[in-house]
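Colleague: Based on the provided sequences and hints, a complete structural model is requested.
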Amino acid sequence: MVKKTRAKAKAKKENKSKEHKPRVGIRSITGCAGCQLSIYFIEDVLLELLDKIDLIAAPMIKEKNEEDNYDILFVEGSVSSKEDLDNLLEWRKKTKFLIALGACATHGCMQSMKHVMNEKEVEDAIYKKFPSDNRLKSITSVPIHKHVKVDFYIPGCPPSKEEIVQVLKWLLQGRTLRVYDKAVCHECSLKENYCLLDQGIECLGPLMNGGCKALCPSFNHPCTGCRGLLDDANLESGKQVLKDKGFDPDMMMKRMTKYNSLQFLEFEKKPEERNVKEGSAKK
Amino acid sequence: MATINLNHICKVEGHGSLFVEIKGSKLTRCELKVVEGARFFEGLVKGKRYDDVQEITSRICGICSCAHTVACLQAIENAMGIKVFEQTRRLRELLSIAERIRSHATHLYFLSLPDYLGYESALAMAKKHKKEVLRALSLMKLGNNMVQLIGGKEMHPFTSVVGGFTHVPDKKTADYLRKELRKALPEAIATARLFMKLKQPVFNAEMDFISLNPEKDAPLISGDIITLNGLKIKPDDYTNYIDEEVMPYSTGKFSKLKGKLFCVGAMARINNNYKNLSKNAKKLFEQAKLKLPLTNPFHNNFCQAVELVHWIEKGYALLNYDFKFEGLPKAHVKAGRGVSAVEAPRGILFHDYTINDKGFVEKCNIITPTAQNLRAIETNVKQLIEQMLRQKKSKDRIVLEVEKLIRAYDPCFSCSAHFLKVKWVKR
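Chains as they are written, first to last, in our numbering: chain A, 1 to 283; chain B, 284 to 710.
These are computed hints drawn from the structure, not numbers from a lab.
A few of these clues could be false.
[What the hints assert, rightly or not] No farther apart than 16 Å at their CA atoms in a straight line, the calculated lysine to aspartate or glutamate pairs in the EDC-like style are these: (1) B/Lys-413 to A/Glu-48; (2) B/Lys-316 to A/Asp-124; (3) A/Lys-254 to B/Glu-470; (4) B/Lys-410 to A/Asp-54; (5) B/Lys-413 to A/Glu-192; (6) B/Lys-646 to A/Glu-123; (7) B/Lys-414 to A/Glu-162; (8) B/Lys-329 to A/Glu-121; (9) B/Lys-331 to A/Glu-83; (10) B/Lys-410 to A/Asp-51; (11) B/Lys-646 to A/Glu-121; (12) B/Lys-646 to A/Asp-54; (13) A/Lys-146 to A/Glu-90; (14) B/Lys-413 to A/Asp-44; (15) B/Lys-410 to A/Glu-123; (16) B/Lys-329 to A/Glu-90; (17) A/Lys-254 to B/Asp-334.
Modeller: As structure tokens, then:
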């Protein structure tokens, strides 16, 4: 995954003409719709924000939706069916700046757990009851960057409203978008939380991308990594740290990686292999 | 008898479409389709440990994640024979109330109202009806705030775990929320007044209504299942009563109650439990001069608005409590099967788990409210179109009313219903 995207806010720059507001769309493929709800839940500044942009497509709350020429497009959900893929490829062609919104789009989220489970068993739980029902066939979910180029990622399940506003502001101002790339532990210790690992509670904080203000650990709930693994996460030494603290790291990761199973699989492979694969995926 | 199996309905909120075929002035085909990428939630939780399940099933739906959270936890607790404290029940009830406030507000103002006022969206409405849009946003904010302060996050709350809460709001937070709820009451009343005035088409649907028979302390998250026609069943027995069919044209499953049509949701709740409404809510309902039981599904909107008033008052009362954090909850693993039925904003939601002696899920079955309503929606759409054809209404008019009807049910594919592709074949 491209974490250090030094996005140049192309979308904005190309449309510097004064009256032109950027044409923004919000589209979804398979997911829970929670991420786009997060946008509508920006209650305080929603109207102000919408004044600065031209929201041309948001099927969840709009009747009239334009299909073409997006300056900025938010996509939520993971690619889980042929329709999803067709739509996504189509949207990419019509979009200048595509943002993957939320854990499904950035990492695959729950539905991508099939990658680390016995796929047949998972599907049988449904198909066996409806043996003739082939309409339910889906493709195993993957995050959208496996199929199209993504210009920026807003992770989180759901992403924080502040972050969405921030990114939109940066885009409107034509500034470089920045990504938070420190571990959850970083913010957690800034908040002076009592480390969950030290209390004997399994937590994946040391390996996971922060930027969430260590929300879950602050409420005594372990981090399960909804923002994905750190780009430079060192699984081996991470596991050693957990082992030293008396945990069974393999079991723990198997049980707790829910949002980013696919990314985790890739990290388990040799680093060289991974780089080659990731590099090709980025194209 | 078929056992219920709505494995795929979790995806319903995605894209729904309606296919209507009319020959001359006769309706020959009307199919409500749900076609979505499958996520296999019931398969995904198989083999997961009891304390990992909530995080997964909560992701079924963004807007009713609290209902899924509570239903899932209660079902697992029932399976393992865990009793929770009064405080836990109260907090879960409050989570459900908070979610109801934001969900109803979003549905009423952002999905339903634009149709009635003749706008394409609530955002287009903002210029002329700024007051209404701001009111919607303030109610949504209240609900979101409340979920966040109790559940940790606005969506997919995580503080509620098997056996209790990992974090409990303090006195200051509770007082703050009470103050906010009190402030919001006039807004909710104004909402009910607004929806009372909207003109609804004359339309009667014959069907049964299912809701929970509320228990006093936690009416949204516990109780037996009752129907307007007098049936009373335990949640565990649901498989014996609700039949399910697969239609050749949709991935969503359709349900019936012992072969009869039924619906769930705000209207069903008010039909079955009118006596439990708060004073203000009752007063508003009386002002509307509607006759109970309601049979026009279009009134579901007004029912939701009345519920807004009711639950804001209820939440205010429930928050008057001395919440205390008593350490992280602990659970003892025990094998068993557990079912929980809760009232999600759109109707009854079932979660059903079988846990083995090591604490891992062996079987899971989830039935969402929209799955139960699909059959009723499709049938009502058919009836409405036939009625309007008899009245010789224009095509555009019929399409608008049909969309309004579907949205009135607040299906979890509201999102798609607003994107409703009505294919109109005339031969």
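Colleague: Next pair to validate is B/Lys-646 with A/Glu-123; report whether the Cα-Cα distance is within 16 Å.
Modeller: Holds - the C-alpha atoms of A/Glu-123 and B/Lys-646 are around 13 Å apart, at most 16 Å.
Colleague: For the pair we were handed, B/Lys-410 and A/Asp-51, check the Cα-Cα distance against 16 Å.
Modeller: Since the Cα atoms of B/Lys-410 and A/Asp-51 sit roughly 11 Å apart, the hinted pair holds (cutoff 16 Å).
Colleague: Is B/Lys-413 within 16 Å of A/Glu-192, Cα to Cα?
Modeller: 43 Å, violated
Colleague: Would the pair A/Lys-146 and A/Glu-90 pass a check requiring their Cα atoms to be no farther apart than 16 Å?
Modeller: 15 Å, holds
Colleague: Would you check the hint for B/Lys-329 and A/Glu-90, treating anything up to 16 Å between C-alpha atoms as holding?
Modeller: 35 Å, violated
Colleague: When you check the alpha-carbon spacing of B/Lys-646 and A/Asp-54, does it fall within 16 Å?
Modeller: With a Cα-Cα distance of about 47 Å, the restraint between B/Lys-646 and A/Asp-54 is violated, given a limit of 16 Å.
Colleague: With the threshold set at 16 Å, check whether the alpha-carbon distance from A/Lys-254 to B/Glu-470 stays at or below it.
Modeller: The hint is violated at about 48 Å.
Colleague: Does A/Asp-54 sit within 16 Å of B/Lys-410, going by the straight-line distance between their CA atoms?
Modeller: 15 Å, holds
Colleague: Against the 16 Å threshold, does the CA-CA distance of B/Lys-329 and A/Glu-121 hold or violate the hint?
Modeller: 9 Å, holds
Colleague: Are the Cα positions of B/Lys-413 and A/Glu-48 separated by 16 Å at most?
Modeller: 12 Å, holds
Colleague: Take the C-alpha atoms of B/Lys-331 and A/Glu-83, compute the straight-line distance between them, and say whether it is at most 16 Å.
Modeller: Not OK: B/Lys-331 and A/Glu-83 at ~30 Å, beyond 16 Å, violated.
Colleague: Is B/Lys-410 within 16 Å of A/Glu-123, Cα to Cα?
Modeller: 49 Å, violated
In this structure, the earlier hints numbered 2, 3, 5, 7, 9, 12, 15 and 16 are contradicted, and the remaining ones agree with it.
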